[in-house]
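Work out the full structure, taking the sequences as your base and the hints as a guide.
Residue strings, one per chain:
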Amino acid sequence: EAGVAQSPRYKIIEKRQSVAFWCNPISGHATLYWYQQILGQGPKLLIQFQNNGVVDDSQLPKDRFSAERLKGVDSTLKIQPAKLEDSAVYLCASSPGTGKMFFGYTFGSGTRLTVV
Amino acid sequence: AQSVTQLDSQVPVFEEAPVELRCNYSSSVSVYLFWYVQYPNQGLQLLLKYLSGSTLVESINGFEAEFNKSQTSFHLRKPSVHISDTAEYFCAVSSGGYQKVTFGTGTKLQVIP
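Quick mapping for you: the protein sequence lines, in order, are chains V and X.
Those letters in the first sequence? Residues 10 to 125, per our numbering, in order.
Those letters in the second sequence? Residues 462 to 574, per our numbering, in order.
The hints are simulated quantities; they were obtained by calculation from the structure and are not laboratory data.
From the three backbone atoms N, C-alpha and C, an ideal C-beta is built for every residue, glycine too.
A portion of the hints provided could be inaccurate.
[As the list claims (entries may be wrong)] Not everything, but these chain X residues come out facing chain V in the computed CB check (under 7 Å):
id	residue
1	478
2	507
3	511
4	515
5	565
6	567
7	569
[Said to hold, decoys possible] Once the Cα atoms are required to be at most 30 Å apart in a straight line, the calculated DSS-like pairs of lysine-lysine come out as:
id	chain 1	residue 1	chain 2	residue 2
8	V	71	X	539
9	X	569	X	530
10	X	530	V	71
Set out below in structure tokens:
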């Protein structure tokens, strides 16, 4: 099966600019996640979708970050305006499970964002 | 709330020597436990997982981890490492049935020729 697709692979922007990342999960996976991985740290969950609804966005900085998964398939994550501390790798993951059946994520390769 | 502690940020080891990467977790309910590996400039790959049943789980490339409920640990071991094992390893926990996975800060394994 095809893996989780993410684009772009790399992005460099100036602070206060906006940027968007795209993710296409594995076909049929109901749950989609966006993680932020700052250099030297473990991934931190930003938002979790179940189909096209938000399950958890408690750690999403909502004043500048937004995400959507309108048709319950692919998803976009946007940052507007970007700050220097947003420099990180943004990882998308998907999982087939619903309810209590869970077997782990499949991650995409990530988008490396550098804010200058 | 769930959390993961990986005390060792870096572990250097000579090729063909054994290695143990430590992981301790905190959760008030039953857990699922995972080890992910991240090779340089690549995404995270699932290495092995504990969901239920046997407390010793193995990966296809010789790693194993043992779930120890009394010590709330899930340490990763390999009896003989190879240069290709050089990577960063993340321990992760999921609990409560919400499919939310919390990651540790990672351990960089450096295999020395």
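Outcome of the hint check:
1. 478: Constraint on residue 478 of chain X not satisfied, violated at 25 Å.
2. 507: Holds - the Cβ of residue 507 of chain X comes within 7 Å of chain V, reaching about 5 Å at its closest.
3. 511: At about 10 Å, which exceeds the 7 Å cut-off, the nearest Cβ of chain V leaves the hint on residue 511 of chain X violated.
4. 515: violated, 16 Å
5. 565: Given a least distance of 5 Å, the restraint on residue 565 of chain X holds.
6. 567: Hint holds; residue 567 of chain X Cβ to chain V Cβ min 5 Å, cut 7 Å.
7. 569: This hint is violated: residue 569 of chain X lies away from chain V, its Cβ roughly 10 Å from the closest one there, beyond 7 Å.
8. V:71 - X:539: violated, 42 Å
9. X:569 - X:530: holds, 25 Å
10. X:530 - V:71: Answer violated: residue 530 of chain X to residue 71 of chain V is near 37 Å, above 30 Å.
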